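Chemist: Make the full structure from the sequences, and use the hints.
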Amino acid sequence: MNINLKIWRQKSNTNEGKLHDYRLENVDPNISFLEMLDILNNKLIKEQQDPVAFDHDCREGICGSCGFMINGRPHGPQKATTVCQLHMRSFNDEDDILLEPFRAKSFGVIKDLSVDRQSFDRIISSAGFVSVDTGEASEANKISIDKNNADEAFLSAACIGCGACVAACKNSSAMLFTSAKVSHLALLPQGQKEKTERVNKMVATMDAEGFGACTNTGACSAECPKEIGQTNIARLNREFVKAQVSNLFEKK
Amino acid sequence: MSIFQILTSSIGRKILMAITGLLLSFFMAFHLFGNLFLFVGEAAFNGYVQKLHKLGFLIRIAEFFLLTFVLSHAYSGILLWWKNRKAKKNVDSYSKENTSSAARYAAFTGSFIFIFLVTHWATFWYKFNFDMQQGITYYDVVLGSEVGFANPFFSVFYIVAIALLGYHLKHGFSSAGQTLGIVGTEYEKLYNNLSIIFWFWIPLGFISIPVWFGFLVRII
Amino acid sequence: MKDFKLNSKAPNGELHTKWEDYKKTLNKLSPEEANKYKVIIIGTGLAGASAAATLAEKGFNIHAFSYHESPRRAHSIAAQGGINAAKNYKKDGDSVMRLFYDTIKGGDFRSREDNVYRLAELSVNIIDQCVAQGVPFAREYGGLLDNRSFGGVQVSRTFYARGQTGQQLLLGAYSALSRQTNAKKVKFYSRHDMLDVVTIDGKAKGIITRNLLNGKIEAHSADVVILATGGYSNVYYLSTNAMASNVTANWRAHKKGALFANPSFTQIHPTCIPVKNDFQSKLTLMSESLRNDGRVWVPKKKNDTRKASNIPEEERDYYLERIYPAFGNLVPRDVASRRAKEVCDNGQGVGNTGVAVYLDFKKAIEEKGEEYIKEKYGNLFDMYQNITDENPYKTPMKIYPAVHYTMGGLWVDYNLMTTIPGLFSIGESNFSDHGANRLGASALMQGLADGYFVTPHTVMDYLAKEKPGLGHKAEEKEFVDAIKETEKDIEHIMSIKGDLVVDEVHRELGKVVWDKVGMARNKEGLENAINSIPKIKEKFWKNVSIPGSDKDMNQELEKALRLKDFIELAELMAYDALDRNESCGGHFREEYQTKENEAERNDSDFKYVAAWGYNKNGKPELFKEDLKYNNVKLKTRSYK
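Chains as they are written, first to last, in this note's numbering: chain A, 1 to 252; chain B, 1 to 220; chain C, 1 to 640.
No wet-lab data here; the hints were simulated from the structure.
None of these values were measured; they are calculated from a predicted model.
Mixed in with the good hints, there may be bad ones.
[Unchecked claim] With beta-carbon atoms standing in for the labels, derived distance ranges:
| id | chain 1 | residue 1 | chain 2 | residue 2 | range |
| --- | --- | --- | --- | --- | --- |
| 1 | A | D146 | C | E590 | 51 to 61 angstroms |
| 2 | B | G41 | A | D146 | 27 to 37 angstroms |
| 3 | A | L248 | B | G34 | 56 to 66 angstroms |
| 4 | C | N615 | A | G17 | 29 to 39 angstroms |
| 5 | B | L67 | A | K242 | 22 to 32 angstroms |
| 6 | A | K43 | C | G378 | 32 to 42 angstroms |
| 7 | B | T8 | A | S138 | 38 to 48 angstroms |
| 8 | C | K473 | A | K43 | 40 to 50 angstroms |
| 9 | C | Y141 | B | T8 | 53 to 63 angstroms |
[What the hints assert, rightly or not] In silico EDC-like links for lysine to aspartate or glutamate, alpha-carbon gap of 16 angstroms or less:
| id | chain 1 | residue 1 | chain 2 | residue 2 |
| --- | --- | --- | --- | --- |
| 10 | B | K86 | A | E47 |
| 11 | A | K79 | C | E140 |
| 12 | A | K43 | C | D146 |
| 13 | C | K374 | A | D151 |
| 14 | C | K276 | A | D28 |
| 15 | A | K11 | C | D552 |
| 16 | C | K302 | C | E367 |
| 17 | A | K43 | C | D499 |
| 18 | A | K147 | C | D550 |
| 19 | A | K18 | B | E63 |
| 20 | C | K216 | C | D550 |
| 21 | A | K105 | B | D92 |
| 22 | C | K362 | C | D413 |
| 23 | B | K89 | A | D116 |
| 24 | A | K46 | C | D499 |
| 25 | A | K147 | C | D146 |
| 26 | C | K551 | A | D50 |
| 27 | A | K147 | C | E375 |
| 28 | A | K79 | C | D389 |
| 29 | C | K497 | A | E47 |
| 30 | C | K497 | A | D50 |
| 31 | A | K46 | C | D503 |
| 32 | A | K11 | C | D550 |
Beta carbons: idealized from backbone N, C-alpha and C, even for Gly.
Modeler: Next up, the structure:
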């Protein structure tokens with residue numbers, strides 16, 4: 001198959017970027033999308049041009065490194081799939097394919113399709129953990145957890161932090177990301193002690209990082225490669241409300 | 001967190017919007033209850049309005065609160081909209097598939113509804129309170145041709161505005177369900193069913209009046 | 001180095017209490033004292049992140065480096081199957097001793113007894129720690145932790161979180177690390193490649209890094225340096241490792257004097273998705289837990305092109321069940337891999353390439369139901385279908401072995417310190433615990449044992465004997481020289497401007513290493529490799545082409561800097577494989593096999609760790625650490 005690529009090229013955060021056209025012929029539909037970009041880059045290097053920069057690492061859909069907009073959708077057209085797991089058979093011969101970096105104020109463009117998502121790390125480091133020093137833990141099976149809760153916590157914890165939710169959202173909101181971590185710990189007994197502080201701090205950091213607010217369009221969950229659901233956002237809100245109420249009572 | 005911090009956080013603002021929105025929806029239900037007296041007859045409607053007027057001071061307090069709700073709902077909405085625009089860097093790059101259009105157009109429908117509200121106050125509310133001429137009843141104002149439903153332009157504007165209000169509330173209720181954390185709990189189903197009353201049946205009730213008195217009555 | 005003698009420094013005493021007793025003798029520092037020391041950790045996967053978090057909790061100032069943007073992207077995240085621990089929750093007779101024995105035996109008696117026992121002992125604490133952090137392990141309906149059995153053992157001791165155990169454990173370690181970042185005890189340097197280690201008076205005192213965003217070469221000094229830089233499977237070009245996994249940090253340490261142990265001990269994982277074409281950039285592993293319910297087979301007839309469904313039962317060769325009636329499809333990885341190669345070499349391979357075998361779930365689906373299979377392996381099946389466009393519920397999976405893990409690595413003593421004082425190596429980057437073959441679900445265990453429970457004690461002991469070296473400044477001569485040297489290398493590579501893309505050279509190297517130092521090796525092939533690798537090296541230094549500038553993000557330059565070290569490592573691997581005239585674990589020398597084509601170990605001549613010293617002018621220098629077995633009897637591994 002032949003494809004026409006339109007790729008966002010930007011030298012760095014301080015430079016202006018613009019779209020460039022590339023054409024690739026005889027693409028094997030069974031290669032992955034990133035392998036297609038590898039081929040393009042090899043071609044560009046042979047022609048003494050700068051290859052397209054993009055983030056990727058495990059190419060198994062779990063590390064969360066990869067991700068850019070393909071025809072206006074983060075990670076492209078296939079549901080519940082990261083770019084690295086997308087294959088060219090999802091496209092047709094002579095398709096026009098538009099590649100752009102994830103857009104958000106909190107995700108600066110580093111180069112071409114590569115963006116900086118460390119704002120996510122700062123949200124986690126504000127309180128996305130259980131405060132337990134190494135060696136302090138008691139026997140694991142002393143904590144019994146209802147299987148349903150454990151399974152649900154796992155589904156929330158499956159977030160790979162790729163940023164697709166922010167890119168998909170018209171408000172660049174990080175609510176799905178933040179809520180997944182809050183939910184994961186709120187569903188488990190281990191997370192109960194610090195839950196008030198956790199939700200307050202993580203929401204405050206999320207706001208301070210310049211992410212937008214949630215207007216419940218549902219775009220984030222629809223595009224999430226790990227299908228993190230909207231109930232996480234509801235749970236985050238609930239935890240937030242509960243935290244304010246418990247704060248009021250504690251003061252008295 | 002202090003109250004101030006709560007209200008300025010993104011979730012806090014949304015909670016404020018959800019609560020004011022819900023309160024305004026309850027008021028709408030009450031408002032519709034009154035409007036439906038139009039179908040009972042002229043005397044019934046006029047009697048109802050007069051009864052309200054007799055409450056006097058209480059009504060003014062209620063109106064003060066309603067206005068506060070509307071303004072804080074709008075104010076939070078505008079602030080969120082502004083924050084969201086900045087967060088996206090004003091780029092039109094987001095996913096439009098599989099998403100709720102009601103949510104995406106909420107700011108637009110909200111703005112339109114605000115314009116409608118202002119005209120609503122400038123017409124019915126102002127007339128009812130300060131400009132009732134001799135020999136003309138409340139019933140006449142509503143169904144008259146000056147600002148009432150005898151004026152087809154006015155009726156159409158009213159119908160469109162209420163339809164958009166329903167659309168706005170469809171998003172509003174699902175959004176409030178998320179914001180107040182009802183989604184994912186045992187109350188979700190009940191809440192969703194109740195919300196249909198507010199975003200579908202109540203707007204339909206409002207619309208039935210201009211449709212009936214503005215158009216159907218004349219045809220039948 | 002002439003009179004140098006390798007000393008494992010393992011304490012004397014009874015095996016069962018050795019580590020606990022030893023810990024009591026180690027020097028301690030109070031948090032106030034610890035606060036005077038600076039610790040550099042390279043790599044923030046399971047081992048690095050857990051070590052960074054724990055050392056920070058003890059008061060040390062941690063500077064953690066990663067070439068990723070975030071610690072959560074480390075390749076530990078991709079581990080699917082699980083983590084072993086001798087909890088004996090299933091009451092099936094498991095114990096620390098049994099896990100210890102399984103690991104030693106699984107490693108084909110080429111690992112150090114004391115280290116392995118300690119690992120088995122600590123496995124129990126790891127689970128406690130991870131559960132306390134909120135790692136959502138799979139649970140039974142009663143609410144307690146679930147276990148499953150995993151390749152090569154007959155007890156259920158593997159804890160798991162669906163097929164994403166590595167991810168959940170890494171996120172746990174990452175959250176512990178994040179907590180310390182928040183407490184300002186850890187400073188995280190994202191997108192920094194470590195390009196050299198700096199020694200002063202023979203001790204590791206810092207590193208040289210390249211900032212991948214702006215190309216800046218920087219020096220960082222510290223009192224101790226810990227390498228948690230993972231394995232080097234990417235020397236084969238195609239492997240299941242992440243694209244950026246590399247040997248550079250370890251190789252630079254090796255060149256500065258750290259011995260490299262058992263480099264040819266690499267693990268070929270039996271259940272990977274087969275190579276499909278020349279553009280393939282990496283291989284994908286399917287968790288070997290699949291072998292619990294999947295049956296491996298090939299057609300009995302050679303070059304059989306019929307569809308799997310058209311081949312009747314009696315014409316199928318379930319070769320693992322046939323050869324190993326006791327373990328069947330659950331034989332250890334090295335055995336399963338080699339047998340797959342054998343049947344494919346024999347012309348019984350399936351698929352377009354003939355280089356694949358079937359992994360069939362038909363029987364399990366019939367007996368246990370599709371729901372059961374879906375619940376257990378759903379995400380793996382989805383992944384398989386997505387990559388291959390075939391539905392494994394309907395047609396059997398096609399699998400073939402691929403390089404997955406490297407047991408070899410920097411030589412470390414019982415304290416996990418390399419032969420350079422002050423330079424530690426933990427997790428996959430060291431050689432210590434898995435001998436010649438690693439058991440499934442043991443890599444996560446080792447990474448976390450090293451990071452959470454071993455290094456914090458031994459590094460503290462080392463530092464307690466060192467003066468806080470805040471006096472060492474990055475301006476000192478050793479650092480300045482190292483920066484200059486690194487810059488010279490980069491300048492050189494940038495100036496070549498040849499006509500080969502880095503990947504082309506890498507693919508060529510990979511083919512040589514896979515063919516000659518892969519699943520089966522022989523003298524002729526290895527000598528051949530030793531001859532041809534220097535030619536690839538020359539090609540690299542003459543013909544490679546790096547576009548753009550080294551002063552901003554340049555992913556081709558990153559790859560080139562990694563490849564140049566892979567090439568040198570490849571040569572060492574061939575030397576190591578050639579030296580070891582026996583077959584053991586993942587190292588299978590065709591000359592040394594039994595009549596039944598099993599590995600033939602030679603304990604009288606090769607019961608040692610081969611630790612190699614770097615030699616600038618030719619053949620590497622071999623140092624041997626003799627392995628002593630006081631608690632287990634050396635046996636020929638048998639899974640029949």
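Chemist: Against this structure, judge whether each hint is valid.
Modeler: Outcome of the hint check:
1. Separated by about 54 angstroms at the C-beta atoms, D146 of chain A and E590 of chain C satisfy the suggested range of 51 to 61 angstroms.
2. The supplied range of 27 to 37 angstroms is broken by G41 of chain B and D146 of chain A, whose beta-carbon atoms lie about 60 angstroms from each other.
3. Separation of L248 of chain A from G34 of chain B is about 37 angstroms and departs from the stated range, judged on CB atoms against 56 to 66 angstroms.
4. For the pair N615 of chain C and G17 of chain A, the supplied restraint of 29 to 39 angstroms is violated, since their beta-carbon distance comes to about 49 angstroms.
5. Taken as a hint, the range 22 to 32 angstroms holds for the pair L67 of chain B and K242 of chain A, whose Cβ atoms sit roughly 31 angstroms apart.
6. A C-beta distance of roughly 38 angstroms is found between K43 of chain A and G378 of chain C, which places it inside the suggested range of 32 to 42 angstroms.
7. A C-beta distance of roughly 40 angstroms is found between T8 of chain B and S138 of chain A, which places it inside the suggested range of 38 to 48 angstroms.
8. For K473 of chain C and K43 of chain A, the hinted distance range of 40 to 50 angstroms is satisfied, since their beta carbons lie about 46 angstroms from each other.
9. In this structure the hint that Y141 of chain C and T8 of chain B lie 53 to 63 angstroms apart at CB is violated, the actual value being about 45 angstroms.
10. Restraint check for K86 of chain B and E47 of chain A: not satisfied, since their Cα atoms lie roughly 39 angstroms apart, outside the 16 angstroms limit.
11. Between K79 of chain A and E140 of chain C the alpha-carbon distance is near 30 angstroms, which puts this suggested pair outside the 16 angstroms criterion.
12. A distance of roughly 50 angstroms separates the Cα atoms of K43 of chain A and D146 of chain C; the hinted pair therefore is violated under the 16 angstroms criterion.
13. Of the pairs offered as hints, the one joining K374 of chain C and D151 of chain A holds, with about 15 angstroms between alpha carbons and a cut-off of 16 angstroms not exceeded.
14. Of the pairs offered as hints, the one joining K276 of chain C and D28 of chain A holds, with about 11 angstroms between alpha carbons and a cut-off of 16 angstroms not exceeded.
15. Taking the CA atoms of K11 of chain A and D552 of chain C, the gap is near 9 angstroms; set against the 16 angstroms cutoff, the hint holds.
16. Proposed proximity of K302 of chain C and E367 of chain C is contradicted: the alpha carbons are some 30 angstroms apart, above 16 angstroms.
17. With a C-alpha separation of about 11 angstroms, the suggested pair K43 of chain A and D499 of chain C falls inside the 16 angstroms cut-off, and the hint holds.
18. Between the alpha carbons of K147 of chain A and D550 of chain C the distance comes to roughly 52 angstroms, so the proposed pair goes past 16 angstroms and is violated.
19. For the suggested pair K18 of chain A and E63 of chain B, the alpha carbons sit about 53 angstroms apart, so the restraint of at most 16 angstroms is broken.
20. The hinted pair formed by K216 of chain C and D550 of chain C meets the criterion: a straight-line CA distance of about 9 angstroms does not exceed 16 angstroms.
21. Of the pairs offered as hints, the one joining K105 of chain A and D92 of chain B holds, with about 13 angstroms between alpha carbons and a cut-off of 16 angstroms not exceeded.
22. Our distance criterion of 16 angstroms between C-alpha atoms is broken by K362 of chain C and D413 of chain C, whose separation comes to about 48 angstroms.
23. Of the pairs offered as hints, the one joining K89 of chain B and D116 of chain A holds, with about 15 angstroms between alpha carbons and a cut-off of 16 angstroms not exceeded.
24. A C-alpha spacing of about 7 angstroms is found between K46 of chain A and D499 of chain C, which places the hinted pair at or below 16 angstroms, so the restraint holds.
25. Distance hint between K147 of chain A and D146 of chain C is fulfilled; the C-alpha atoms sit about 10 angstroms from each other, no more than 16 angstroms.
26. Between K551 of chain C and D50 of chain A, the direct Cα distance comes to roughly 14 angstroms. Compliance with the 16 angstroms bound is thereby established for this hinted pair.
27. Proposed proximity of K147 of chain A and E375 of chain C is supported: the alpha carbons are some 14 angstroms apart, at most 16 angstroms.
28. At roughly 15 angstroms between alpha-carbon atoms, K79 of chain A and D389 of chain C fall within 16 angstroms of each other, so this suggested pair holds.
29. This hinted pair checks out: K497 of chain C and E47 of chain A have alpha carbons roughly 12 angstroms apart, not beyond 16 angstroms.
30. Using a Cα cut-off of 16 angstroms, the hinted pair K497 of chain C and D50 of chain A holds, with the two alpha carbons roughly 13 angstroms apart.
31. With a C-alpha separation of about 12 angstroms, the suggested pair K46 of chain A and D503 of chain C falls inside the 16 angstroms cut-off, and the hint holds.
32. Restraint check for K11 of chain A and D550 of chain C: satisfied, since their Cα atoms lie roughly 13 angstroms apart, inside the 16 angstroms limit.
This entry does not satisfy hints 2, 3, 4, 9, 10, 11, 12, 16, 18, 19 and 22, going by the numbered hints stated previously.
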